[in-house]
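Undergrad: So the protein lines, in turn, are chains F and L.
Take the first sequence: its position 69, counted from the start at 1, is 69 in my numbering, and no numbers get skipped.
Take the second sequence: its position 11, counted from the start at 1, is 1011 in my numbering, and no numbers get skipped.
It is possible that some hints are incorrect.
Derived DSS-like pairs (lysine-lysine); straight-line CA-CA distance at most 30 Å [said to hold, decoys possible]:
1. Lys44(F) <-> Lys1088(L)
2. Lys1190(L) <-> Lys1160(L)
3. Lys71(F) <-> Lys1094(L)
4. Lys1160(L) <-> Lys42(F)
5. Lys1066(L) <-> Lys44(F)
Calculated directly from the structure, the hints in this document are not laboratory data.
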Amino acid sequence: MIFGMWDAVYFKLGPIPVDHIIVTQWVLIVLIGLIAFCSTRKMKVIPTGLQNAFEMIIVWTYDLFGQIMSKEHVAKRWTPLLSTFFLFILVSNYSGMIPGSSHIEGFQAPTSNWNVTMTLALITVFAVQIAGLSEHGIGGYLKHFVSPMPAMLPINILEEFTHPLSLTVRLFGNVLGEEMVIAFLMFMVPFLIPCTIMALGVLVGAIQAMVFALLSASYIASATSAGH
Amino acid sequence: MTRNKNLLGLLLSLVMVMGFASFCMASGGSDMPISSPPSSTPAFPNLYVIGWSAVNFFVLLAVLYKFAFNPINEMLEQRTTTIESSIKHAEELKIEVEQMRKEAQANLIESRKEAQIIVGNATKSAEDAKNDIISKAKEEVDTMKVRAKAEIEAATAQAKVELRDTAAILAMTAAEKVLGRAITEADHQKMVKEFVNEAGDLLC
């Protein structure tokens, strides 16, 4: 196993198997939860230190995703989900850069597994359907499948499948690709060039997290828009 | 700018250390305490992984709602309320200050008017006092004139009487010398009477 990619059961919780990736997810959830807890434990009107940094990230995601959605109540309802996407994917991507990732049991970047990215994409798809239904009602929402003309029905239905597929493959491919390149270069040209790729990975990790969350935001915005 | 450079340097150093550590772990072989677990190509779809991932994601969403979104939203609302109340208070103060300024200006205008009235009154009083003094002086002058005229008339009358008496005595003396005898009381009375009448007509 040289490319840090495996799919194996780490242990079983009763009859349910738990993979290495799931254990990493738990650790990351605890980490994010701890940071959130410490940041918001003693909130001040004028923020300082960790509260300032964490609040800045959350408010930045609010602004970023809120701008995409034209309706304020839609933005208010769906921004927390999109912010969670962003934080979870960002931390997951960066977890692959920590020494020992893909080498220590129970430690692998969750987003380097397509089952995880597919899960996130499916959540987006469900969120898009719920957003569209709650905004337009069943009749109004189903109407968009035959717009602008009934002949577009197959293409519109196909679009509902291409969204999660593109989200899944893009994120999984980028993260796994970056990890594989680093792992491969480690053996071929130790230290210097892999470090450069890792520095690039810092950027790519943030960009991929943002792209996933922004695309999800645009799908929700599109489903809830007036002309949908 | 310097701070950004330091941050970039720190980030690069961190990446290099992490890369070196990864390299050491990866090339450690079987002597290392850590090793890659037995692996296989990821199955797709692995329903257990999908299920766990979905549960984990929603747990994270719940955790973030509890410890991030709700407190931050409340804080943002509190800040909005604080800022709004501050702005409202500032606007109220501005209105109050504007009102006070207007009042002060009105007071100033009124004070100026009052000052003008006071100065006017003072001028009028001074004018009255001047007129009063002048009229009193005129009255005094008139009184003095009347008194002087009366005194002059009295003196004139007295002088006339004295002159008449003197003239009578002179006439008597002159008559005695002309007659060469003493004039009796009856002569005397008659002559004085005639003389006085004549002299008096001349004198007056």
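Undergrad: Each of the hints needs a verdict: does it hold here or not?
TA: Hints versus structure:
1. Between Lys44(F) and Lys1088(L) the CA atoms are separated by roughly 22 Å; this keeps the pair inside 30 Å, and the hint holds.
2. Between Lys1190(L) and Lys1160(L), the direct Cα distance comes to roughly 21 Å. Compliance with the 30 Å bound is thereby established for this hinted pair.
3. Of the pairs offered as hints, the one joining Lys71(F) and Lys1094(L) is violated, with about 35 Å between alpha carbons and a cut-off of 30 Å exceeded.
4. For a cut-off of 30 Å, the pair hint linking Lys1160(L) to Lys42(F) is broken: about 127 Å separates their Cα positions.
5. Distance check on the hinted pair: Lys1066(L) and Lys44(F) sit about 17 Å apart at the alpha-carbon level, within 30 Å; holds.
Consistency note: the structure conflicts with the earlier hints numbered 3, 4.
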